[in-house]
Amino acid sequence: MEKKEYLNLVKKISPKANIKKTFLCSFFIGGLICAFGEALRQFFLYFRFEEEDAGAMVSFVLIIITAILTGFGIFRKIANIAGAGTFVPITGFANAVVSPALEFKTEGFILGVAAKMFVIAGPVIVYGIFASIVYGAIFYFVKLIGG
Amino acid sequence: MELIFALLKAFLVGGFICFVGQFLLDKTPLIPAKILVIYVVMGVFLGAIGIYKPILKFAGAGASVPLTGFGYLLCKGVKKAVEQEGFIGIFKGGFSICAVGVSAAIFCGLLVALIFQSRGR
Chain A
47 MEKKEYLNLV KKISPKANIK KTFLCSFFIG GLICAFGEAL RQFFLYFRFE
97 EEDAGAMVSF VLIIITAILT GFGIFRKIAN IAGAGTFVPI TGFANAVVSP
147 ALEFKTEGFI LGVAAKMFVI AGPVIVYGIF ASIVYGAIFY FVKLIGG
Chain B
237 MELIFALLKA FLVGGFICFV GQFLLDKTPL IPAKILVIYV VMGVFLGAIG
287 IYKPILKFAG AGASVPLTGF GYLLCKGVKK AVEQEGFIGI FKGGFSICAV
337 GVSAAIFCGL LVALIFQSRG R
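From first to last, the protein sequence lines stand for chains A and B. Everything in the first sequence is counted per the working numbering, starting at 47 for the first residue and increasing by one. Everything in the second sequence is counted per the working numbering, starting at 237 for the first residue and increasing by one.
Source of the hints: derived by calculation from the structure; they are not laboratory data.
Straight-line alpha carbon distances no greater than 25 Å define the calculated SDA-like cross-link-like pairs of lysine to any residue that follow:
#1 K189(A) with I175(A)
#2 K67(A) with F259(B)
#3 K270(B) with I285(B)
#4 K270(B) with R122(A)
#5 K67(A) with K123(A)
#6 K189(A) with F327(B)
#7 K293(B) with I274(B)
#8 K123(A) with I267(B)
#9 K245(B) with F281(B)
#10 K245(B) with V107(A)
#11 K316(B) with D99(A)
#12 K316(B) with I285(B)
#13 K289(B) with E321(B)
#14 K245(B) with D99(A)
#15 K293(B) with Q320(B)
#16 K328(B) with S339(B)
#17 K316(B) with S332(B)
#18 K123(A) with L347(B)
#19 K293(B) with F95(A)
#20 K270(B) with G119(A)
#21 K293(B) with Q88(A)
All values derive from a computational prediction rather than experimental measurement.
So that you can see chain A by itself, here it is in the shape it has in the complex (with noise of 0.2 Å):
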């Protein structure tokens, strides 16, 4: 069979369906949990948070309620059918988070909970701040040279 034969094979057999409704799913979650979180925003900034501390106690809320979920495993069943739709927002972090901490108690606090923590997350804010970095230096000497 040619290869572009086999291509098109594959197409027709595989679930069409299945990666349209996992698409609407990470659309749809998604954009539910970031809704949630303007409305927490529109909440805090009622109560005369500052712009910066409104968005942080957001992020804190949003991470609270991951780690309850995520404790009595009803994060995973919503995972599963959202895909990208929890992992991206700031409850993807929290979960990389709590859940390997919870996962990995059986081999002790130190080794276990402690350290598999940042598993996922670690890279995360190892990017992160590096990045950071790399743009706080540029800043600097642009601004240093500028003026």
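Take the given structure of chain A and dock chain B to it, following the hints.
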């Protein structure tokens, strides 16, 4: 009415950012951990060249809740720290602005591990 409009904007922009993540997940060999790293670094980059701020202004939490928003936050923090404190700000700004999120995640992770039983694999 204004509130509903704000929620709708957050929903659409946030949903779209997640949709792009799902696209990367399904259509490329990238795994979730790599997508998260790419998102954060993209956030820093888009913040640095000034594209992310208007998106954030338009969509509010729709842009700040996804991990690109975390990247933007790092970028904003480091800029502010350099402006205020000079050289030392380069190494200070990122961590100090994301302190709440990271500390909350650590705190919750440890607490959940203490309270709940792991469900096996």
